[in-house]
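First to last, the protein sequences are chains F and P. Heads up: the first sequence begins at 1 in the working numbering, then just goes up one per residue. Heads up: the second sequence begins at 1001 in the working numbering, then just goes up one per residue.
There may be inaccurate statements among the hints.
Distance ranges between label pairs, derived from CB positions [as the list claims (entries may be wrong)]:
| no. | chain 1 | residue 1 | chain 2 | residue 2 | range |
| --- | --- | --- | --- | --- | --- |
| 1 | F | N57 | P | T1130 | 40 to 46 Å |
| 2 | P | T1142 | F | Q82 | 41 to 47 Å |
| 3 | P | I1126 | F | P109 | 20 to 26 Å |
| 4 | F | A108 | P | T1142 | 40 to 46 Å |
Read the hints as simulated data drawn from the structure, not as lab findings. Here the structure is a predicted model, which is why all the values come from computation and not from measurement. Where is the CB? At the ideal position from N, CA and C, for every residue including glycine.
What follows is the residue order along each chain.
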Amino acid sequence: MLYREYAVKNYQFVTIQINQSNAVNRQYFPDLPNLREVYTTGIVFYNAAVFTKDINNVSPCTSNNYNKCYLTLNVDGNEVVQNLDLKFLMPFSGNGTEYNPSGYLPIAPMKIDFQKSYVNVASGQNLGSTVPFSFCFGIYYYYPNQIKK
Amino acid sequence: MIQNNYGIKKSYSVEIVPSASDVALTWMFPDVPFLRTRPITGIVLSTMNKGANTGLTNFGYSIAQSAANSSSFLTLADDQGKQFIQNMPLKELVVTTATDNATALISTNYFYGSNTNSIMFFDPRIVVWTKCYIYLPVATGTANLCCQFTVFYQ
């Protein structure tokens, strides 16, 4: 159910790949040069129920992992979104009991510093028994020179 | 919550028919002369389960018909040279049905959009189709596939 206030202007698929089962609790986004100067308007989080392989041929995150993960977004040195349950960003879940009816998380347009943004794993939890896997995100954004409608 | 108010105006069917290859990882769009100068405003994908189950060329079933074929990503480039859609999962573009929106609200593996019939609406762009493609991290292993899109334009 995609209630979109804005028509889509730009979209980029982003992954955080986890290669170690004993990975550290804080998993940062990679540098995303395309997104350094853009305004992000929405983020969707994809799990293994959506597709079986990401663009790097790596399995997406399953509920074993995302159930204990949180998202933090950094803007101008401030963690404007701090430890938001990843499920808020999901279009649906496999069992049909948890979902976000908007299909993605609309956010007020902001320049996100992805290098300082991360997925946080609950304290004491281990990330997954099967590696590698990836946290997959879809980023909706627009350039500063694109007029916001 | 403001519902999308981008209504459709005109539509055109665009298909990718990747020969009979079942090993290709990148499927390039053909040239679509009719749409060269027309800004597109939306796109939707028909699959075997949702929407028309074959392409106009009747060349076989569409992608995303099963979980094994679900991993596929769309990239669209505009006339400014920008990939304004970069690796969007094709499932974002799948047609919905009333069933999806009502009883089986979220039990399927497909996205849905009750207010837009799953049409992904874009800020109007002129798309350079020969620079657009679908990427599959794993080859389908199925020959004679066809990807049929309905493109809405101004």
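If any of the earlier hints don't hold here, list their numbers in rising order.
Hint 1 alone not satisfied by this model.
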